[in-house]
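A.B. asks: Chains as they are written, first to last, in the UniProt record's numbering: chain A, 1 to 302; chain B, 1 to 123; chain C, 1 to 478.
Some hints here could point you the wrong way.
If you want a taste of the chain C side facing chain B, the calculated C-beta under 10 Å gives, among others [unchecked claim]:
1. 228
2. 243
3. 293
4. 294
5. 329
6. 332
To be clear, the hints were calculated from the coordinates, so they are not data collected in a lab. A virtual CB, placed ideally from N, CA and C, is assigned to each residue, including glycine.
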Amino acid sequence: MPPRLNLWPTCRALAFRTRPANQWSQPCIAARARSFADRTSNNNNNNNTTSSQWPEHRNADIAAGLPPSMLSKSTTPEEIDAAGFTSTENEKALSQLQLVTYGLNPFDPAVDGHKYGLPDLPLPSEMHMKHRYDPAIVQFTKLLMQDGKLSKAQRDMAIILNYLRSSPPPKINPARPLVPGSPPASHLPLDPVSYLTLAIDSVAPLIRIRAYKGLAGGGASLDVPMPLAARQRRRTAFQWILDAVNKKKSKGSGRTMFPHRVAEEIVAVVEGRSSVWDKRHIVHKLGTSARANLNHQAFRRR
Amino acid sequence: MVINQALSPRNNFHELKLVKKALESFYALGPQASARVLAKYSIHPRAKMGSLPPKTITALTAELSSMTIENEARRIVQDNIKRLRDIGTYRGRRHAMGLPARGQNTKNQIETAKRLNRVDRKG
Amino acid sequence: MSAPNCLRCLLQLRPSVALPRHLLVARSTAAIAIAWTAPFSTTTANNAKTGGGGSKDKTGGHIRAGKKIKLGKFKKNTTADRGKAPAPGERKAFRKKILLSNNNALPVPGLVDLTPEHMLDPQNAATVLSIPDAVVDQLRAVEAFKPTQCWGVFRKPSMLLRTETIDLMNRMKGAAKQKQTLRLVVTGDRITGKSMLLLQAMTHAFLNDWIVVNIPEGQELTTASTEYAAIPGSDPVRYMQQTYVLKLIQAIRKANEKVLSKLSTVQSHPELPQHIPVGSPLMQLANSAKEADNAWMIFQALWQELTARGRPPMLFALDGLSHIMKVSDYRSPAFELIHAHDLALVRLFVESLGGAGAFPNGGAVLAATSRGNSPRAPSMELALQQREAEQAKAADVPQPDPFFRGYDERVQAALRTVQVLKLSGISKLEARVLMEYWAASGILRTTVDESAVSEKWTLGGNGVVGEMERAALLTMRL
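Just need the whole structure built from these sequences, with the hints factored in.
C.D. replies: Written out as structure tokens, the structure reads:
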């Protein structure tokens, strides 16, 4: 929301105008505009002492475009009092100036009495506490979790993502194609979440083989390929990756070792070196050979 | 002497073995005694056999040969048990029978007594 | 319970048992043995068959095992062969590895290298500046970087100059100019940047061609993990730590090569094994430390040279102060615990910090406390609180608890005259500058505006830098 910086209405609200503006007759705006965490007295001191030392561009930065004279007025109410401007309207005006410094329009009804304004509704999903992370990341984190220690799993996932974004761009093996439409390899480390999701989606199997006991006759089971939903596919792929990680040798020690091994395996998947690709290949091959079984009488529509 | 050879790193102990553990591998030399030996020769508790200078190893060997460890210590225990047996005490008899000597139940869980309680006690 | 022998075994036994005794006389000894064994044991019979107990299986051949319950039937065999284990020290090296650059991070436009003047100018408060490459190598040599810091995320090691930084650098500069020693302890809550401030002080020292001696972790000296020995002829007995001192000399040599190569010795050191005449280069003295045995002697000689008149100012720094303000884990030959101040290297630092061994060329002795890994040191905490209150000219200086016996007189004496610098969160302006740097590096992928800064600043407990990093950099929301 780009703030509309118009100082003229603010000046109109200052007390040297004889007629107070109607819309500012409600009390306590100034008090509400100040947050509880804000130690005004200290901030004032800081601003006073340091503003002379800082270069001009920084001053402008703080005041969001206000000239320094306006800023000093807004930060030192005592001086204004001494000059004879004493009224609640003055305080209101000062609070409006403060809002201007936050880059907001004080006359916007949404801003009225709020330090940072009201959020735009409906809220985007990442603003909700329970949906703040990418859904794929949430799923992988829960799969990483052991003994119900979600916090530890989250830290591990953060380490994995940090590893991915600081590792060199992967060299993609043309024999192991990734999901079509994937970004070029050089872009992947800059977006670790999509890097991870891409790796998992690329090795995820499309089907699973379900064995129907005894349907093939003589007690033999009948293998039938079944399609997997997107979430199931990801789960299978991530568990394959975790299996491969558990088989790998640990090269170091400490609590960052496990996430590093997982991250290395994910890079190996994208580069086509991982054994997980073979697993996927086997499942797909089995599925291809078993698809004839779908014609079995038991599955025919009656 | 056996101990002489035992402590030299080339013969028995790997050079990555902790000195403390190497000392504690001797019978009748436990954590307390080994800590004291280490302190006496200013060896820190995490020192490995390979990091000891030859001078210290010689000193340790001499120290160990002056201590009652291994067979000497075993013989003391055996003598004590034998004395109990000879004067015909209940404890001596229980040792001879390989049963617990201090009133424990004997229905089960007496493996330790079976292993250790004997007149010529080894362990 | 089922019978231990199966029917087939008993059937095999039957003929020999049934034979009359006299028929057996002419038979082999094995057959006699069969006759004299209990009818329900096949052991000797089987042994005889296989040639007299030569087989591995002492129980003999066919004994029917009872029905065994296989516990954990579905448990997979997890002891898979994973190849060769890493060599000794490799695992630790991985744990302690420090990455200082990330080629994926964007180069920040307008990021300038630090110069000696930058760290003194109050106008540079709340700016992010990068460390020159030469200084990075020096800082690496003195182990100023810690593995827990977030260096590996950015393209180039850079740091935020806080107001406290500028203040401390000016104090260091002033002390060096007046040939005085600034003795100061940096304290503060967890991850408020205490070690970072030490690093900044070292950067300042390297940029101004000071001599830097750094003990990266106090605990390495007192947790009984490095070799020690009594110094011969010392009374009361002091202890040297040869291996650590050797490592320290090598770090000093590597980090201060630029300064040391210009200096030469002004004293003769007859006690050294290698003859070093007056006027030979200091590097030669430092290079003569090859073995741990004479490392302490050489270190003493080197220290005398470095603190002789006419040398550059010196910075002596230590992280993890509370580890050296307690009784150490070492034991004397009489099996008594050695106080940390009786260890010679620690003693050198403590005396410098306490003001006993002032540097004639000026400089600074800096120590940082640690909150994450620190044993309780009640005397140190009390002393630091008292110094802080005295500096603030507070009305009530904290007094020792009269019902507590664990105070240490030596610690209190050591910290009687130090200055204290307490770190807390950074200001919002500094937070904004820092977050702009993160965003410019492509690491923080949000617009940095007032509300974003305020959010992270608040999440970080009113601007605790490490907490802000955790909230912004080490998160699943990248």
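A.B. asks: Now tell me, hint by hint, if it's right for this structure.
C.D. replies: Status of each hint after checking the structure:
1. 228: Holds - the Cβ of residue 228 of chain C comes within 10 Å of chain B, reaching about 6 Å at its closest.
2. 243: holds, 8 Å
3. 293: holds, 8 Å
4. 294: violated, 13 Å
5. 329: The hint holds - residue 329 of chain C has a Cβ within 10 Å of chain B, the shortest such distance being about 8 Å.
6. 332: Status holds, d = 7 Å.
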